[in-house]
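All chains should be modelled from the sequences, with the hints used to inform the complete structure.
Protein chains in written order, with the working numbering: chain P, 973 to 1661; chain G, 973 to 1661.
Hint data in this document are derived by calculation from the structure and do not stem from the laboratory. Take every hint as true, because none was put in to throw you off.
Note that identical chains are pooled: a pair holds if it fits in a single copy or bridges any two copies.
Taking lysine-lysine pairs in the DSS-like style, the calculated list, with each CA pair at most 27 Å apart, reads: (1) 1324 <-> 1110; (2) 1110 <-> 1387; (3) 1324 <-> 984; (4) 1574 <-> 1409.
There are 2 protein chains.
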Amino acid sequence: MAVIGASSTKGKIGREILHNILRAEFNGKVFPVNPKASVIQSIKSYSTILDVPDAVDLAILIIPKEFVKEAAVQCGEKGVKGLIVITAGFSEVGPEGKKREQELLEVVNEYGIRMMGPNCFGAVNTDPRISLNATFGKVYPRPGRIGFITQSGAMGEAIMSHANELGIGFSIVASIGNKADMSSNDVLEYLRDDPHTDIILMYLENFGNPVNFTKIAREISRVKPIVAVKSGRTKLGAAAASSHTGALAGLDVGVDALFEQTGVMRVDTVEELFDVASALVKQPVPKGNRVVVVTNAGGPGILATDALISNGMEMPALSPATVKNLRTFASANASFSNPMDMVAGAAGREFKMTLDAIKTDKRYDTIMPILVPPVTVDQMEVARSIHESLADVDKTVLTCFFGAGEKPEAIEYLKDHNIPVYIFPEAIAKTLAALTKYRRWLSKPRGKHRNFKVDQAKVQAIVDEAMSSGQAALVGKQAIEVLRAYGIPAAGYRYAFSVKEAVDTATEIGFPVVMKINTPAILHKTEAGGVMVDLRHPREIRAAYLNLEKRVGKLKKGEKFSVALQQMITGGVETVMGMTIDPSFGPLIMFGLGGIFVEIMKDVSFRINPLTDTEAREMIRSIRSYPLLTGFRGSAPVDLKMLEETLLRLSQLVKDFDCFSEIDINPFIISDDKSLCKAVDARLIIRKQ
Amino acid sequence: MAVIGASSTKGKIGREILHNILRAEFNGKVFPVNPKASVIQSIKSYSTILDVPDAVDLAILIIPKEFVKEAAVQCGEKGVKGLIVITAGFSEVGPEGKKREQELLEVVNEYGIRMMGPNCFGAVNTDPRISLNATFGKVYPRPGRIGFITQSGAMGEAIMSHANELGIGFSIVASIGNKADMSSNDVLEYLRDDPHTDIILMYLENFGNPVNFTKIAREISRVKPIVAVKSGRTKLGAAAASSHTGALAGLDVGVDALFEQTGVMRVDTVEELFDVASALVKQPVPKGNRVVVVTNAGGPGILATDALISNGMEMPALSPATVKNLRTFASANASFSNPMDMVAGAAGREFKMTLDAIKTDKRYDTIMPILVPPVTVDQMEVARSIHESLADVDKTVLTCFFGAGEKPEAIEYLKDHNIPVYIFPEAIAKTLAALTKYRRWLSKPRGKHRNFKVDQAKVQAIVDEAMSSGQAALVGKQAIEVLRAYGIPAAGYRYAFSVKEAVDTATEIGFPVVMKINTPAILHKTEAGGVMVDLRHPREIRAAYLNLEKRVGKLKKGEKFSVALQQMITGGVETVMGMTIDPSFGPLIMFGLGGIFVEIMKDVSFRINPLTDTEAREMIRSIRSYPLLTGFRGSAPVDLKMLEETLLRLSQLVKDFDCFSEIDINPFIISDDKSLCKAVDARLIIRKQ
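Here it is, written out as structure tokens:
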């Protein structure tokens, strides 16, 4: 391995990296390269990599940005296979740097070199056969079974430092920097196959190729858990968008959908990242969400209960057999409920006996002992008791030493014996929530992509015609025809250009009907008062027609007033479905209940297209207003199968046609009677060419 | 002072207390009392308190529970004014203990002694003129300006220990135990007047007298901030209740309402308690919610932005003048936005210059410097620069040393200089959210209780009649009359016992009308299909009548089918208001939007009765669906004044009549036209005698 640019006189970062490599006792040879020095840190140094006598596998560049390209060429000539470019000043600093990065990338591609960076913090591999710490941080991470990918060097160091304090070790640390060549996806694939890595942590600021990430992460999550902090949650802000689907997607929904679909556990903070990681490293993923709390004080027991229940855990009562068993020895003042409060006198002996009695209770998946260290109790003794009792249990064990800090030996003891310890019960509750979500994801059927028989040619014809005539969107009749071609039922339109025509058409359709302004074209008809619903009588048709005509007011030259008439569908539930394009994630499918639910309550779900049947099912079930679909106030449950199928058909339409930038089916009426399930209005915005 | 029960032979707790008192160098005389010892910890001991030669102000009892009462009598005879009873085994252990506590209370009442406990952890007063640590914990708290009230001894010690680690000191620590005599309210009143206390922290499990607490805390919050962890958030569970208001109140709404109304900052965890306390001790409450972040690394800047925005903060861009100023010295790679990313090279000098430039920018209320400690930077230098630049600024300063832990000197330095330091930016965001909420509460008008002219006598007459005839509830006509007597407009009922009567009545009322089953009585009419709305034609009346009659089916003997007819109010927004009795907080007033908003989205607000005008205003504005009231999709904004007044009239009704256990006004239609604002249905459940 050659370290290019390490200097004894200046270049602090190069010196640090070389120092770290030497300190970590790299299991190989190191050759410093620097045109101005012959010795660096007591090691013979070479002018260029071409002068190095041995073959070189990996080169680390820490040289002025102007010389990086030339050095890369020399590496290529030398036959180097891997390159870590620490040097900054590339795509992160604007167009000039971007160009520099592009040129560098061309060099490495030409020579078939794989490159990490530029603008990265380096990499660590703690495998004793390698023992490489090629970073310039002050932190030397412990060996462990966590692979860690970070997009920010500064965060990488801060996180490694925090991990050291928590006693958490790493197999690999990879700072991917600008990801010019190697991306987090590449490192993920490496970690999937790395026998030294059991768990993968990520700190991400954006996704290079989210479609690839989705594919790779979904597979890896099946075998190794991935936990990620993705920052930038609120940064996108709400970009102005021409329709509801677009505006709603202006949040972080693409990222959330991606995590939902891949099983990657998303956490909000670096603290939570390690809370979850500590549990994954030392304990099995809980088999269910049932927790028993065993505590020596009431207060933290209540705090734990609050936190567990709010995080979706269950706390079943102790089984009668367990209570009977406990009563043979426990204090009469104990509570014998869940939380099981042993009261303040409880010491090691009581913890041991109580946990022994409870660990066989089949009602629980997780055991959570809490110790509030009182004056009279030897914490080390309690730690030993917890370990003795629970070392061999086939449940998940997460311990809380409430507010601890005085006697770290006891905590260290438990950690060394694979029992994670937390200072506050809330951290355990959040951790269990993440693990439970992961377990549920693991146990879900993988899902299939359905392929319906549809009339793709017909849609193509409508699109071609619309595009050739310069239309910005498909609305009204055209939109309805597109949906029907994809097997999505839709209520047809009939147009009327006079009161008489309107009355006749309505009578033909059958009352009640809906009347909308057809021409002149108005985008948000409801807001403009351009929609009259539930018209039940020729008299009402007449009034509505005149009312709408009056609303439109003076017409432009050549315009003629007309209305669209449609069967009024009653008794169902209004839903909304649609598609919007996320700049990074591509098409997202959206689902929610109509009107206020979408617009005020923002109660919608998004998934990255294409959807599997499992995903369609889930996105329907994940909205808060879902109970409205399963029978509310005595109404019949809607046809959920039909709704799922409609989403899958929409997904297929989106997959087949990339010419739409946005689709809104609003409302799609769904009811218990399949024949009444229908799209009433739709709009497909054509992507600007 | 006498310590009663401290023993040299057994009684570990008594020994610890005496030891703590001596170690803290109590500024007065201590007399141990124990019938079996003549010397305890080298101090002369007395058989009973009556043998103590000097006058005694405070006695601390740590003796077997059986002897507590007798000792209390002796204290009374001795003229003791204050008693701390550490001994457990009173009301917390069941009926026998409850009786024991009652007897003890009678003794102290008789002698005019104020008592803390029993079953408490003791008390601390760090005032150097007193210097008392009468607790049995291992922790000796630092002196400081925080008064701390805890209901749990174990939590008290854990919290004191955690505070010591954080370098936070206390003026007073009071463990109130079973609160037989002195409650948290009494201690609160003491702390209000205590010149050594600026901030009050509380750990609470329940409220002894929430009405008093509300009154006291509301006043104290004006002068000293109160921060509380109230556990038991989810414990109440959802008690089965006969109506919506009741079921919705089965959450923690009483407690939340109380905190809303008193300005007490409620935090979820002990960690947050100290995050907020650290800011309050060292920094002013921010004047607004505008934050500027200054960081040496992008990653934590983004994490901070996410956390701040999600917690309701604003992050305006730097002013042009500030940017111009910064450009004169900052790195060209810096971001000049908010967060201001100085990039990784930034050290003490850059922090100083950047903060100097930013601190005069009037766009911000809070400055949040973030340091991610990289290899090249001296943390102490950065700490000094932050202090030098910001020591005299009139904004709030909260600093983040991201993931820190390696160089605590720098952090200690800042803390010693009144700049709180947090390890993760999320803690700062949550802290600012709590402080901002408090500031908003402080700046709100205090609110007035309105007193409307109402016909109380009429309601009394209706209630008397109903009670004497054994009615369980006021419904239909009676309920409408009660509302009208209190100036709440309500749509009248007319009854019909035949199709013909129904048609005639409907024609008289004017179409459209609503028809409901009147007799036989059905509680949830809508669910049972007993309500037909929007009937517009005699033909529809006929059909509806027959349909309802058919639904009712076979009548019991003596029953006669009838319907209630009511004007159909269209075009408004359905709201729901009501009252439910919380077991601790008494009557709570509820408000929300009708139907699904209340029942599925649980989008309601509660306040403890009686309401002030400010509170009525707020409870309307605090629901998520509030935008529906201010004009949605082009509809006119509703008459909010009218809505507020209606809530205040309901509040007055609830205050005047304690005979109701539950009130539901559902729906109350509200629109822009005051004459159309009306209660359509109501039900007042009469409290069981």
